[in-house]
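K.L.:
Sequence:
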Amino acid sequence: MDVDSEGGGELKPFDMLEDGLVLAIMRSLDDPVPLYIASLVCRRFAKLCTESFIWKPLLHAELPPASRGIFSWPPCANDRWRERYKQWHTLSHLTWVHCPPALGSAQPCPRFLHRAAAVGGSMYVHGGRGAESELGDMWVIRADAVAASGAASWERVTPKSEYEPIARLSATLSAVTLSGPSHYGLLMFGGRCGERFLNDVWLFDTHDATWAMLHAHSPQPSASCKRPDGRWAHSAVTHGSTEVIVFGGSAPGRCFNDIFSLSMPTHQWVEHECVGTRPPPRSGHSVCVVQGSMYVFGGNTTKESFNDLWSYHVDTRAWTQVRTKASPSARVGHALIPFGNRLMLFGGRKFSENTFDSALHCFDLQARRWSELAVGGLQPRVRTGHAAIPCNGGFLVFGGLSSVRDEYFNDVFMLRLFG
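Heads up, the sequence shown is in the numbering used here, so the first residue is 1 and it goes up one at a time.
Derived from the structure by calculation, the hints contain no laboratory data.
None of the values given here were measured: they were computed from a predicted structure.
Honestly, I wouldn't trust all of these hints.
As a list, the in silico BS3-like pairs of lysine-lysine whose alpha-carbon atoms are at most 25 Å apart [said to hold, decoys possible]:
#, residue 1, residue 2
1, Lys350, Lys325
2, Lys303, Lys226
3, Lys86, Lys56
Start from the sequences, fold in the hints, and give me the full structure.
P.N.:
Encoded structure:
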């Protein structure tokens with residue numbers, strides 16, 4: 001086949017194809033090198049190989065879903081998609097941006113060990129530990145608005161239901177889909193209030209602003225009900241859009257490494273029978289999901305701190321330890337955020353020594369290697385027990401406990417990926 005479709009006379013094969021089919025062929029070359037070569041040797045390819053047609057879809061396919069707000073950028077930026085694609089792969093333009101409260105906006109009080117979840121471009125925050133006691137309030141912030149304006153405009157959520165959960169810290173808060181693609185809920189499980197270690201389950205409907213209790217607290221669940229014991233500092237992720245996976249946590253004299261799942265709309269607990277060696281029991285770890293696997297990093301017990309990385313394939317229920325030559329230091333209270341085929345690790349402390357880490361770490365799931373990233377801008381102060389969600393090609397961080405005794409944060413920082 002003659003690759004030059006703009007000769008004279010004879011009709012060339014590519015002249016017979018519609019633009020949409022040519023673009024489909026180009027996009028099937030999902031490696032930038034053959035795409036670039038094709039644009040050089042074929043004039044028809046070169047005409048269609050605009051940055052918005054090729055590099056934008058390639059970047060869109062690799063970005064986490066919660067980070068795709070980048071594509072609302074104005075059309076005048078279309079000539080920069082190749083540059084953004086390179087920045088995404090090299091992480092060469094990372095910048096911290098402090099997002100002060102918007103003028104006249106209320107804001108949550110300083111706190112740590114709160115929980116956050118991303119729903120439809122917004123970050124919901126619930127509970128935590130304040131300066132005087134546990135908290136039970138809920139706040140919401142539009143993450144895309146923060147990315148656009150650089151200011152944090154908070155709204156306090158006032159539930160319309162008669163009942164709502166008691167105040168707590170170190171629960172889990174997971175976004176789930178309810179009756180339709182734009183009807184979301186927040187599933188909350190467990191946590192600690194005073195000396196009570198909870199195992200109740202609540203569902204918050206973000207559309208109706210109502211709480212519903214799915215399972216009441218039960219101090220001593222029966223062996224037949226297959227229900228998690230009360231705990232705090234556990235983790236939870238959403239698998240698919242309707243199943244929440246809970247792992248680990250602790251209670252007085254106990255630390256867990258069990259796995260339970262709760263599905264919508266049955267609201268029934270299922271304990272997983274796992275394949276392979278489980279991670280040691282732990283609490284204070286952090287997790288995220290990438291391509292059907294839950295990744296677990298860090299955590300501790302009263303006797304040991306961890307800096308190991310594990311993966312749990314949800315469908316096969318198989319555990320695998322991800323062994324690396326070097327790892328970030330052992331820690332609790334950190335955030336682990338999915339970034340395409342990478343994991344971003346920020347914050348936390350080694351509890352036994354009260355040592356904090358200010359670096360941003362990245363684990364490449366293909367190369368199986370940790371690296372420490374260079375980040376420009378105003379650096380957040382070191383912290384633990386904060387919350388973070390993906391946002392517009394980066395992520396948002398809210399709150400936490402500082403290295404200074406009894407100093408809590410209520411600041412918002414955004415990690416910006418693109419220059």
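K.L.:
Now look at each hint and say whether the structure bears it out.
P.N.:
Cross-check of the supplied hints:
| no. | hint | result |
| --- | --- | --- |
| 1 | Lys350 / Lys325 | holds, 20 Å |
| 2 | Lys303 / Lys226 | violated, 28 Å |
| 3 | Lys86 / Lys56 | holds, 11 Å |
Hint 2 from the list above is the single one not met by this structure.
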